[in-house]
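One letter stands for each residue in the lines below.
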Amino acid sequence: MQLSLLQGVLKAVRAGIIVFDAEQRIVLWNQWMEQHSSFPADAILGKTFGEIFPDMVDGRTHVALRAALQNNFASLLSQTLNKAPFPLFANAGDAAAGIRMQQAVHVMPLEVESLPRHCLVQIGDVSMAVAREKKLRELAVELESQTLVDGLTGIANRRRFDQHLDDEFRRAKRNASPLSLIMIDVDYFKDYNDNYGHQHGDECLARIAGALCGVLHRPRDLAARYGGEEFTVVLPDTNEDGALQIAEAMRAEVESLKIEHAYSGVAGCVTISLGVSTLIPELAAKTGSLIHAADRALYQAKRTGRNCVVVYTDSKN
Amino acid sequence: MTTVLVVDDSKVSRLLSKQYILQRHPDWTIAEAASGEEAIDKVEAVGPDLILLDLNMPGMGGLAAVDQLQAKCPSARITLLTANVQDATREKANALGIGFAAKPITEALIDEILSAFGKQ
Amino acid sequence: MFQLTELQHDALIEIFNLGVGQAAAAMSRIVGDEVTMSVPMISFQSRAEVARTLGSDEGRRICAITQHFQGAFSTEAFLMFPEEKSLEIVRLMVGQSLSLEELSEMEQEAMSEIGNIILNCCMGAFANAAGKELQGSLPTYHVGTGDNILGVSGKEWDGVVLTLKIDFNIERHHIYGYVAFLLDMPALNDLQRYIDAYLAKLMG
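Residue numbers (my numbering), protein chains in the order written: chain R, 5 to 321; chain G, 8 to 127; chain B, 1182 to 1385.
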């Protein structure tokens, strides 16, 4: 009665169970193994590991089998490091296509009364778990790519800026309203980093970002980190004068932070240069032209001596 | 008169190799070095016919010592000893034209090395 | 603290270098690239000292794989990496990069296997040298401070920790970790006896 109970269990259990004797011959091959491999038990029993699995000889599984039989050690073969060691398939379709089942394998020594040590191999189907993990990872990657915040400063990142500028550009086009852009670059930032260290450099950028945001009050105004030490500000429904005022306020605000910078070529503290451009976009206009103009103005601000604001005008080229 | 230079940072390993070799050839001379650097210093004076070189030693290590050992003693046959048997190591040994044997050091291993040496 | 003679110390280091060398060969087959491992140093310390080395005082977390061995003697074996290092290993062996919290079930399993390979190889080398029979359990995965991990053995315990510093080199990355064995007084005495027997056998 005991025996038929155990046989019933082995038949019903949803995991592969193989037992090898001391000579590496298969002495137990349960129904799950029959179902998921191409080997029925009567064809397999009595054959050795090497005879049934010639490709696996001296591989990790074989080494583990020997470690169990000789050293009495248990081994784990993780799915991640051992892709489907045994030729097992979830179903006939997969078998035909040669798609092996993802397996987690445990190899354990087995004490058998009055016989030399045997080895028990337990195989679990982890295909579902693997698929689930893959999905989770994909979602995590997607989530990360959707982030719109710059990690260092906490203000909008480049992605957010690009999206916002596009939105506001279209709106300005529709409403024939002026859209202004400020391009900002921190003066002598490389020298700051080189002399005060990157940690201070990071703190400096964060403080500047805070100062810039402090000047803005309207909901659709946006300050963003454009690149390493570059910032940009989108000012919808703002003409040139208005943009100039905001830019000057920002310049003053950053200067008033009085972040010490003994290596600046223009002041004893950290300052910024700003380039302003304004456009009432026409039908064929593109955001690129607004950005390019602000960029040219910024370049001019640097040339003029830094720590100042320059507004783009057509005559300057 | 055959001389063997055993190079290994482990005293126990040197002892083992020496013992097993002398068991087979009691008339041979066995010299020892505990590092690649020491082996290079000694090799000319010792003039070995066979060098057993442990791969994993502090300092320059076995592999780095091979060039200078070959330069100073071109007639010596060199066999690299390591527990870490992998393709990369095999390839390096082949590239350098030297022999290769897998630790642990046992009588059987020494026999294998000696018979390969004897055949050349 | 417990001390070995120079020769006993040398024998033990060589035995463990043998073990980790074989483990490195196994890992290199898995990762498909060159892996070297060595044991530059072994020491006998208290649990508190080991925990300190692992940054317990600063609350630094480590990743640990543990296995229990028994038979000729009894010990709890650990493979431990400081948090960032274990992530590096996982990344190199497995090809993913996540924080310790995010370390998925699959990667924990991979780390467990790495621990399993290294601990089995170390103990295997020792068991063979000593000519003794041991029995090893499957690995379990833990994350915590050194204090948490080493106190995990559960029972009241007052012995010594045999600690091996392990140098890994994988794909030109240099990582270090620790293998530790908790040894109570009986186990420590057994260890010495087995090493002496091994040396006696060597001397012929």
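In case anyone wonders, no lab produced these hints; they're calculated from the structure. Source: prediction; values computed, not measured. Just to be clear, a hint being listed does not mean it is correct.
Think about it this way: if two alpha-carbon atoms lie no more than 20 Å apart in a straight line, the pair counts; the simulated SDA-like pairs of lysine to any residue are [unchecked claim]:
1) Lys87/R - Pro120/R
2) Lys18/G - Met1384/B
3) Lys306/R - Phe193/R
4) Lys126/G - Ala95/G
5) Lys87/R - Ala1378/B
6) Lys18/G - Asp48/G
7) Lys99/G - Ala1311/B
8) Lys49/G - Pro81/G
9) Lys290/R - Tyr230/R
10) Lys18/G - Val1212/B
11) Lys18/G - Leu1273/B
12) Lys306/R - Tyr267/R
13) Lys1346/B - Pro33/G
14) Lys51/R - Ala26/R
15) Lys87/R - Lys51/R
16) Lys1313/B - Pro120/R
17) Lys87/R - Val1212/B
18) Lys49/G - Gln93/G
19) Lys18/G - Glu1187/B
20) Lys1382/B - Asp1371/B
21) Lys87/R - Arg1210/B
22) Lys194/R - Tyr230/R
23) Lys1313/B - Thr52/R
24) Lys99/G - Asn1350/B
25) Lys99/G - Glu114/G
26) Lys1346/B - Pro65/G
27) Lys126/G - Lys49/G
28) Lys1382/B - Gln77/G
29) Lys194/R - Gly309/R
30) Lys18/G - Asp1191/B
31) Lys15/R - Ala26/R
32) Lys1382/B - Arg31/G
33) Lys87/R - Ile56/R
34) Lys290/R - Gly309/R
35) Lys25/G - Ala1229/B
36) Lys25/G - Asp1191/B
37) Lys1382/B - Thr113/G
38) Lys25/G - Arg1241/B
Verification of the supplied hints:
no.: 1; hint: Lys87/R - Pro120/R; result: 31 Å, violated
no.: 2; hint: Lys18/G - Met1384/B; result: 12 Å, holds
no.: 3; hint: Lys306/R - Phe193/R; result: 13 Å, holds
no.: 4; hint: Lys126/G - Ala95/G; result: 26 Å, violated
no.: 5; hint: Lys87/R - Ala1378/B; result: 42 Å, violated
no.: 6; hint: Lys18/G - Asp48/G; result: 18 Å, holds
no.: 7; hint: Lys99/G - Ala1311/B; result: 33 Å, violated
no.: 8; hint: Lys49/G - Pro81/G; result: 14 Å, holds
no.: 9; hint: Lys290/R - Tyr230/R; result: 18 Å, holds
no.: 10; hint: Lys18/G - Val1212/B; result: 33 Å, violated
no.: 11; hint: Lys18/G - Leu1273/B; result: 34 Å, violated
no.: 12; hint: Lys306/R - Tyr267/R; result: 16 Å, holds
no.: 13; hint: Lys1346/B - Pro33/G; result: 39 Å, violated
no.: 14; hint: Lys51/R - Ala26/R; result: 12 Å, holds
no.: 15; hint: Lys87/R - Lys51/R; result: 24 Å, violated
no.: 16; hint: Lys1313/B - Pro120/R; result: 17 Å, holds
no.: 17; hint: Lys87/R - Val1212/B; result: 12 Å, holds
no.: 18; hint: Lys49/G - Gln93/G; result: 30 Å, violated
no.: 19; hint: Lys18/G - Glu1187/B; result: 9 Å, holds
no.: 20; hint: Lys1382/B - Asp1371/B; result: 16 Å, holds
no.: 21; hint: Lys87/R - Arg1210/B; result: 13 Å, holds
no.: 22; hint: Lys194/R - Tyr230/R; result: 16 Å, holds
no.: 23; hint: Lys1313/B - Thr52/R; result: 27 Å, violated
no.: 24; hint: Lys99/G - Asn1350/B; result: 17 Å, holds
no.: 25; hint: Lys99/G - Glu114/G; result: 25 Å, violated
no.: 26; hint: Lys1346/B - Pro65/G; result: 14 Å, holds
no.: 27; hint: Lys126/G - Lys49/G; result: 26 Å, violated
no.: 28; hint: Lys1382/B - Gln77/G; result: 34 Å, violated
no.: 29; hint: Lys194/R - Gly309/R; result: 17 Å, holds
no.: 30; hint: Lys18/G - Asp1191/B; result: 7 Å, holds
no.: 31; hint: Lys15/R - Ala26/R; result: 24 Å, violated
no.: 32; hint: Lys1382/B - Arg31/G; result: 17 Å, holds
no.: 33; hint: Lys87/R - Ile56/R; result: 19 Å, holds
no.: 34; hint: Lys290/R - Gly309/R; result: 30 Å, violated
no.: 35; hint: Lys25/G - Ala1229/B; result: 41 Å, violated
no.: 36; hint: Lys25/G - Asp1191/B; result: 16 Å, holds
no.: 37; hint: Lys1382/B - Thr113/G; result: 12 Å, holds
no.: 38; hint: Lys25/G - Arg1241/B; result: 46 Å, violated
When held up to the earlier numbered hints, the structure conflicts with 1, 4, 5, 7, 10, 11, 13, 15, 18, 23, 25, 27, 28, 31, 34, 35, 38 and fits the remainder.
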